[in-house]
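Protein chains: 2
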Amino acid sequence: MVHSSNKQIVLLSHPTGFPIAGEHLGVHTTQLNTILEEDEILLRNLFVSVDPYLRGRMNDDKEAVIPGFEIGKPFSSGGVSEVIQSRNPRFTVGAIVVGEAGWEEYTHVTAAASDGFNVIEGARESKVPLSSYIGVLGFPGLTGYGSLKAFGQLKKGETIYISAASGAVGQLVGQLARLQGLRVIGSAGSDDKVEYLLKELKFDAAFNYKKGDILENLRSHAPNGLDIYFDSVGGRQLEAALEVLNLYGRVIACGHISVYNGQESHGIRNLYQVIGKRITIRGILVNDFVQDEFANFQRDVGQHLLNGDIIYREDIAEGLENGAEAFVGMLKGANFGKAVIKIADL
Amino acid sequence: MVHSSNKQIVLLSHPTGFPIAGEHLGVHTTQLNTILEEDEILLRNLFVSVDPYLRGRMNDDKEAVIPGFEIGKPFSSGGVSEVIQSRNPRFTVGAIVVGEAGWEEYTHVTAAASDGFNVIEGARESKVPLSSYIGVLGFPGLTGYGSLKAFGQLKKGETIYISAASGAVGQLVGQLARLQGLRVIGSAGSDDKVEYLLKELKFDAAFNYKKGDILENLRSHAPNGLDIYFDSVGGRQLEAALEVLNLYGRVIACGHISVYNGQESHGIRNLYQVIGKRITIRGILVNDFVQDEFANFQRDVGQHLLNGDIIYREDIAEGLENGAEAFVGMLKGANFGKAVIKIADL
Ligand SMILES: NC(=O)c1ccc[n+]([C@@H]2O[C@H](COP(=O)([O-])OP(=O)(O)OC[C@H]3O[C@@H](n4cnc5c(N)ncnc54)[C@H](OP(=O)(O)O)[C@@H]3O)[C@@H](O)[C@H]2O)c1
Ligand SMILES: NC(=O)c1ccc[n+]([C@@H]2O[C@H](COP(=O)([O-])OP(=O)(O)OC[C@H]3O[C@@H](n4cnc5c(N)ncnc54)[C@H](OP(=O)(O)O)[C@@H]3O)[C@@H](O)[C@H]2O)c1
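These protein sequences, in sequence, are chains A and B. Position 231 (the first sequence) corresponds to 231 in UniProt numbering; numbering is contiguous. Position 262 (the second sequence) corresponds to 262 in UniProt numbering; numbering is contiguous.
These aren't lab readings, by the way, just hints derived from the structure by calculation. Among these hints, one or two may not hold up.
No distinction is drawn between identical chains; accordingly, a pair holds when it is met within one copy or between any pair of copies.
Distance condition first, Cα-Cα at most 16 Å in a straight line; then the derived EDC-like pairs of lysine to aspartate or glutamate [to be verified]:
no.: 1; residue 1: K332; residue 2: D309
no.: 2; residue 1: K277; residue 2: E63
no.: 3; residue 1: K277; residue 2: D288
no.: 4; residue 1: K127; residue 2: D60
no.: 5; residue 1: K155; residue 2: D191
no.: 6; residue 1: K277; residue 2: D192
no.: 7; residue 1: K73; residue 2: D60
no.: 8; residue 1: K156; residue 2: E82
no.: 9; residue 1: K332; residue 2: D345
no.: 10; residue 1: K211; residue 2: E63
no.: 11; residue 1: K202; residue 2: D115
no.: 12; residue 1: K7; residue 2: E40
Next up, chain A with everything else stripped away, as it sits in the complex (with noise of 0.2 Å):
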């Protein structure tokens, strides 16, 4: 191994609100140690998913459930890498392996760490992109897979509404719930994504959520009423989801991307609503899915992209130059589709 500088996109400072690329996070170059210890492994990066939960891990607070980023140290996240110096049995050198990978070059992988990879098998011959495995084949997909099918309680003619439904979880969410028979409506931030919605994922409505009321959308396209909200969003979505609910409606709460860049947060004033109508509101951690769903999961949305029942659309920034605006941006609404830096060719 005959490389010893590394660069990587790094945490510069603790944002309030929206971060900004060169200010709060930024490319750094550092030297890489590419002396391995036993059980130890040294990676060359592909592919890193732009997460949403990442904005919480920049913030400082000691107590997140999340550990959050160091200052001068690099993101990390989801990443398709390939493993090019092992003391490890479990990983050969040339595999292809999936974990928590740094946003830089190279990734040297302590003995502990080493738990969190698995090897991608097949993976050169893969019929679906690398980036996949991060995506609609990674934790993003398991979130939406794996909460449909712990709490949607889906049946066939029921009315589901995702919000950030063109990204990396809205995608899927709603692509599976078509499969099943639901009719399915969606929300995104802008014309071009609402009609992605429409035309390529094939769901029954769309609309802007920045034109015009979102009560009124969610009233005129669920003449039936809603019978699943899938949330990515919280605040306004949240309490005009509410009031549109069925009977014994549930709320699966994915996310609540309006508030991660310290944005004042809409109060929800009609709760009361999930009484009468006996709503459930669940929250939800990928995480919890892994252990039981995982398998079930990538051979099932496996299947459906295979057959071409399933699409998925990718928004890859090339290089970890442009990797600190892709993410920033991501926060606002700029990608379309899920968002990944591609670190290098394999």
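Fit chain B with the ligands to the given chain A structure using the hints.
The following block gives chain B with the ligands in isolation, referenced to the frame of chain A:
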């Protein structure tokens, strides 16, 4: 049957805020039709239940899930009554029944409505007061018992918080949780009620929610956080509980009395708490527990009452003349225990 006049508490007009006795509801005397058709019964009412949800039935809302009262017509709610005439083979004269009675001396029950009445077996020798059948052994009790059983997932050593804890539902919920080995925290709106919770009901902690900060009170009384919040209030209480709830915490959303009288709803700004902590908020309605749980409920709670494991305080207004004030007072917390109107002696 000689009586032909019938005193009633009727709806006078639709309130927007707190109802006023004499303006929105009041006593009125009408003529009683004592001539029964087939399957009809005539009741002499002994007790009727004074419930928060009746406030909703005073509104002019044609779309309400539970139909509203009509102007000039009597209120109705759970009642204990004596059958004084019967053309229905299910009811003999002299039977004591429970069902939806009018707030009036006598109720002429149609054939269709008679299905909603059940005979209290052994009522004349009952070891519990007859009013129990619309309180701790009636719908308020079933609300607590059924919802804890269906959605509480109570585990020994967990902590539960109960708002409106000295009321009809709250008293039983706290005692059932205590009997299952939970740490029980309650709040109520006066120091007397707080003392009752601590001294009589043996709650582990209790506070007056009108004094001091609710969140600070919860943090100090629940040093290990909350596992269950039994919510009768909504608004600020729910917001505070969400902060303090633990991983996999449960909210049983039973009532939202903080907005029943047209008060401005407190917007809840921290619903994002449900995601990372995987909290479930479950709206419930007592009617859902009747079929599967009513018999278990009456057996279990009946046994606890006889054992003295559970006690139950009632606040009995004497006579229909005092009924309107009792109802209005209950909405403001003037009741100390389950509010009931006693219409007549057996
Ligand atoms: N609980 C879990 O385990 C878990 C796992 C993965 C993801 N999540 C959550 O799921 C949600 C979606 O994540 P993702 O990975 O699929 O990201 P994504 O949807 O691909 O990207 C985020 C999108 O959020 C939308 N957005 C940003 N601010 C918004 C606002 N104020 N109102 C409405 N929409 C807004 C933007 O799309 P528009 O152009 O449409 O506005 C943006 O593209 C996030 O809340 C995330 O935290 C949760
Ligand atoms: N979902 C169902 O099927 C179902 C069935 C029965 C009851 N409930 C609900 O359960 C709750 C309790 O009913 P209950 O029959 O047991 O009545 P209750 O507690 O005996 O009487 C109502 C009590 O609410 C409290 N209260 C009034 N305004 C309040 C406010 N702004 N903040 C906090 N507390 C307030 C008062 O006590 P304080 O002095 O402590 O303030 C009052 O005594 C109500 O919300 C009711 O609608 C629901």
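Results for each hint:
1. For the homomeric pair K332 and D309, neither the shortest alpha-carbon distance inside one copy (29 Å) nor that between copies (57 Å) is at most 16 Å.
2. Taking the closest pair of Cα atoms, K277 and E63 come within 16 Å of each other only across two copies (13 Å); inside a single copy the shortest separation is 36 Å, beyond that limit.
3. For the identical chains of this complex, K277 and D288 are inter-copy neighbours only, at 11 Å across copies versus 27 Å inside a copy, given an alpha-carbon limit of 16 Å.
4. Taking the shortest Cα distances, K127 and D60 never come within 16 Å of each other, neither inside one copy (41 Å) nor across copies (62 Å).
5. Taking the closest pair of Cα atoms, K155 and D191 never come within 16 Å of each other, the shortest separation being 30 Å inside a single copy and 49 Å across copies.
6. With identical chains, the CA atoms of K277 and D192 are never at most 16 Å apart, being 35 Å at best within one copy and 35 Å at best between copies.
7. In this assembly of identical chains, the alpha carbons of K73 and D60 lie at most 16 Å apart only when taken from the same copy (14 Å versus 61 Å across copies).
8. Neither within a single protomer nor between protomers do K156 and E82 lie at most 16 Å apart by alpha-carbon distance, with minima of 42 Å and 49 Å respectively.
9. Proximity of K332 to D345 under the C-alpha cut-off of 16 Å is found in neither arrangement, the shortest distances being 28 Å within a copy and 69 Å between copies.
10. In this homomeric assembly, K211 and E63 never come within 16 Å of each other (Cα to Cα): the closest approach is 38 Å inside a single copy and 29 Å across copies.
11. Taking CA atoms no more than 16 Å apart as the test, K202 paired with D115 passes in neither setting, with 39 Å inside one copy and 49 Å between copies.
12. Taking the shortest alpha-carbon separations for K7 and E40, neither the intra-copy value of 20 Å nor the inter-copy value of 86 Å comes in at or below 16 Å.
Checked against the numbered hints above, the structure breaks hints 1, 4, 5, 6, 8, 9, 10, 11 and 12 and satisfies the rest.
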